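S.K.: Listed in order, the protein sequences are those of chains A and B. FYI, in the working numbering the residues of the first sequence are 1 to 221. FYI, in the working numbering the residues of the second sequence are 1001 to 1675.
Honestly, I wouldn't trust all of these hints.
[What the hints assert, rightly or not] Cut-off 30 Å, straight-line C-alpha distance, at most; resulting in silico cross-link-like pairs (BS3-like, lysine-lysine):
(1) B:Lys1216 with A:Lys106
(2) B:Lys1425 with B:Lys1407
(3) A:Lys195 with B:Lys1157
Think of the hints as simulated: they come from the structure by calculation, not from any bench. All values derive from a computational prediction rather than experimental measurement.
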Amino acid sequence: MANEKDRSLDRRDSQEQVVRKTPCISRRQFLKAGVAGFAFLAGSSGVRDMLELVAFAEGEQLALAKGVVLVDKKLCSGCRTCEAVCSTYNSSGRSSSALARVILEKDYLKGDYEANTCFQCVEPLCLQACPVEAIKIDKKSGTNARIVDEEECIGAKDCIGACGSVFTPPRPRFDVERGVAIKCHLCFGDPQCVKFCPYGALEFKWSDDGVRTGYPIIKEG
Amino acid sequence: MNGWAGKILRVNLTERKFENIPTSDYVPTYIGGRGVASRIYWEEVPPDAGAFDPDNRLIFATGPLQGTMAPTSGRFMVVGKAAQTAPVEAYCRSGCGGHWAPELKWAGFDAVVVYGQASKPVYIWIQDGKTEIRDASKLWGLDPFTTQEMLWKVHGKEARVMTIGKAGETKSRLGIIITDSGDASGQGGYGGVMGSKNLKAIVVRGTGSVRVARPKELMEVARHIRSLFSRPSKPGSPLEPNEPGFTYNIWGGQGRGQLTGAPGELWNLCSDPNSGYERLPDACYACPIGCRTRVRGPDITSGVAQCTQSNMYLESIMKDPEKGYSKLTWEAGRMADYYGINAYDIHGINPWLTACYEEGVLSNKDTGLPLDKIGEREFISELLRKIAYREGFGDLLAEGCQRAATKLGGKPEKLMWVLYPRAGKFGGYREHWLYYGGFPDGYAISPLALMWVLDNRDAMVSHNFMSQLWGAATSLGYPPNFAEAEELIPVIKPTMKYAYGSEKAAEFFTPDGKGLKWDWAPRVAKRFFERTILKDSYIVCDVAFPFLYNPNSGDHVGDSSLESKLFTAVTGVEMSEGESYEAGDMLCTLERAIQAREGRTSDDDVLRDICFTNKDAAGRQYHRDDLERAKAEYYKLSGWDQTGTPTLNRLKELKLSDVAEALQRKGIITPDQST
Ligand code: SF4
Ligand code: SF4
Ligand code: SF4
Chain A
1 MANEKDRSLD RRDSQEQVVR KTPCISRRQF LKAGVAGFAF LAGSSGVRDM LELVAFAEGE
61 QLALAKGVVL VDKKLCSGCR TCEAVCSTYN SSGRSSSALA RVILEKDYLK GDYEANTCFQ
121 CVEPLCLQAC PVEAIKIDKK SGTNARIVDE EECIGAKDCI GACGSVFTPP RPRFDVERGV
181 AIKCHLCFGD PQCVKFCPYG ALEFKWSDDG VRTGYPIIKE G
Chain B
1001 MNGWAGKILR VNLTERKFEN IPTSDYVPTY IGGRGVASRI YWEEVPPDAG AFDPDNRLIF
1061 ATGPLQGTMA PTSGRFMVVG KAAQTAPVEA YCRSGCGGHW APELKWAGFD AVVVYGQASK
1121 PVYIWIQDGK TEIRDASKLW GLDPFTTQEM LWKVHGKEAR VMTIGKAGET KSRLGIIITD
1181 SGDASGQGGY GGVMGSKNLK AIVVRGTGSV RVARPKELME VARHIRSLFS RPSKPGSPLE
1241 PNEPGFTYNI WGGQGRGQLT GAPGELWNLC SDPNSGYERL PDACYACPIG CRTRVRGPDI
1301 TSGVAQCTQS NMYLESIMKD PEKGYSKLTW EAGRMADYYG INAYDIHGIN PWLTACYEEG
1361 VLSNKDTGLP LDKIGEREFI SELLRKIAYR EGFGDLLAEG CQRAATKLGG KPEKLMWVLY
1421 PRAGKFGGYR EHWLYYGGFP DGYAISPLAL MWVLDNRDAM VSHNFMSQLW GAATSLGYPP
1481 NFAEAEELIP VIKPTMKYAY GSEKAAEFFT PDGKGLKWDW APRVAKRFFE RTILKDSYIV
1541 CDVAFPFLYN PNSGDHVGDS SLESKLFTAV TGVEMSEGES YEAGDMLCTL ERAIQAREGR
1601 TSDDDVLRDI CFTNKDAAGR QYHRDDLERA KAEYYKLSGW DQTGTPTLNR LKELKLSDVA
1661 EALQRKGIIT PDQST
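Make the full structure from the sequences, and use the hints.
M.R.: Here is the structure:
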């Protein structure tokens, strides 16, 4: 236990010691477009206007996310309130662990619990992998979170596979009922999991300059 | 349907058949959990079936809140004819927390009703609406932890498992059903019932969801509840609140993690960051409180344990007071879980054996147990192993302390009476706060005695009334059980007024301090039982609900409307707090009808003689005729006759006409009784 690496806390450290190299996203063009389909509490119309998708010409940088949800593993009780509130809030009141954009992994017998949040990667493999470019940058809310445009998502699940190639468990999930991928969008700047975690284990780390985290800086087993 | 998954799964183990029935046959009328299960029990369990008969039902019931973010909704109820109830097996219930209940809901079921008997060991596998009966011969004989590891290999580690250990397999009346590292359905002996059906485990995995009618409202209520009970932990000190002066609110003022263990060797080790031992917060699904902790260390069995298991071997502390709560104290509880033994009855067996040994009525030779070593490792490991395998004297003890002592008769039986206070046909449950501060040297408090005679197991398992006394003690600066009863009264006057309608409800003693007052006891007990059955039906946790004592406010008044608000937000079914009590009243009467059918009358609502001769810490005592009058008043308030049987009219008013007719056919009620 003592020599076991605490990934969640490492993640914090890596914030400070990031390589100041901004990777490029090639072969992709992002078009400015409206987006809908974020089902916040039974309707998507209210959210439509919250998003703005920003274009990047060939070779241009992908804007860094300005926020990320960090975990202090020592405080986590394994209550899964984060999962519960995430699905309730973001999936029209459908409460489920399977629809949560934060994933609790628990070894119940050893008592080892880990909340796995999306890194909002510097170089998001999920975004790169999507065949229809349905994963976009949330400029409208100002978080620059990497988000799924559920209206464009064709359910290919390539984002899940791509994220899963470096992170376990993969952070995007599949909403079987609606046939679309879902992933953490930082609740458009007001992360509910952070607000509702009763143990203070989650923290919303914000930087106007962008947070340098996730792939390629961090890779998980 | 919002809240409910929509289906109840019936499993016929004899014929290896499944059947789905619509939950809407039972809800919203019977709400969920204990309410729905009691109705199913009424319909399906033949009154003369024994606990171990294939005809007995083992009902695992969630409520509308399970699988949602409703705080403390990780729970479910087990209902069936209890093997532990003594001397006559009877209707009972047992709760269990953890993470199994939401998984069942996500798999598409509100409840599982198991009946019949498999011809060889099996387990039930439920995944997203699909169900299967599988061979468990390779699992039979394994402890619950190895069993789970094996099942996780087959079904993935996300699957949640309710399983029995050796004690369940040997049909012990102390057999529990356990999940994960230490959440269990303990009282009732349902592990033994499961063993009698040759059922080793129920494994569930669900990727579906539960629909919430009003998510925003649910989030608001959840937020409010969290603000009442909990604060984020202090970084680096996870059991302390980050807000100075905030009192965590477990039973009126106990702290986060406080229900696991006590000060001593183990906690000292855990507070040394270099020791390799840790105490970390741990919670059931969606729980903001975290009453228990996860304990880990290099040479102890890691895991979660509540007060029942973690404080099971208090004898080890008495034996070595300098160490206090030691690694052995911890391990003893873990051993009970390993064998799947009900730690709460060990709380009876240990002091009883100690008394028998000290009085010279039982020896090492009589029992084959090292009674001279009670408090040491050797004793507890021998005791638990012998019970689990029904070896020698363990075979007798596997019947539960009350049955074992009764069988021995004479002095050993008398020594048991102090520990098992409910006389009549439906006892078998160890004393648990019949007196404030404990038996025999605590304080007699009239509602406690009335609740004890009326319940179908240990009454104070629902701590809500008690939480006011403990809370007041804590607010006054005492440990929860160590205030003088008189001191508590001014503190709880406002909370009792809020909870039961008058400050007078808090006046437990006559003005001269010499006697007990009983006038409010029936009304207090009535509301107590209504709230308790509702809590077990929605289902929320006893540690938080009903919320009757707030340690963080000036007047300490709680808020008893929280549960019905959760219910409405989740289901969309409007139900005010007032209406909820009508439902609670109906469910209490339905349960009583079940018990009446099984032979319960006012003659069974009695305490042992010793409870009427024992003088409490202030020289007061319970008097039999006071208790009888309070009972009669309680029956009247409930619409039951003087024998404690629900009347025909009352059952009809409650829309339980079929119940009324069935009781009439059996001659349990007659039309003229119903006036
Ligand atoms: S690759 Fe995974 S962790 Fe990174 S932004 Fe995408 S979903 Fe999040
Ligand atoms: S920030 Fe929002 S979307 Fe992301 S995991 Fe938390 S609750 Fe879910
Ligand atoms: S809500 Fe907080 S304490 Fe609970 S599982 Fe999530 S991160 Fe851990």
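S.K.: Hint check: B:Lys1425 vs B:Lys1407, CA-CA at most 30 Å. Holds or violated?
M.R.: holds (15 Å)
S.K.: Keeping to a limit of 30 Å between CA atoms, is the pair of A:Lys195 and B:Lys1157 held or broken?
M.R.: holds (28 Å)
S.K.: Is B:Lys1216 within 30 Å of A:Lys106, Cα to Cα?
M.R.: holds (28 Å)
When held up to the earlier numbered hints, the structure conflicts with none and fits them all.
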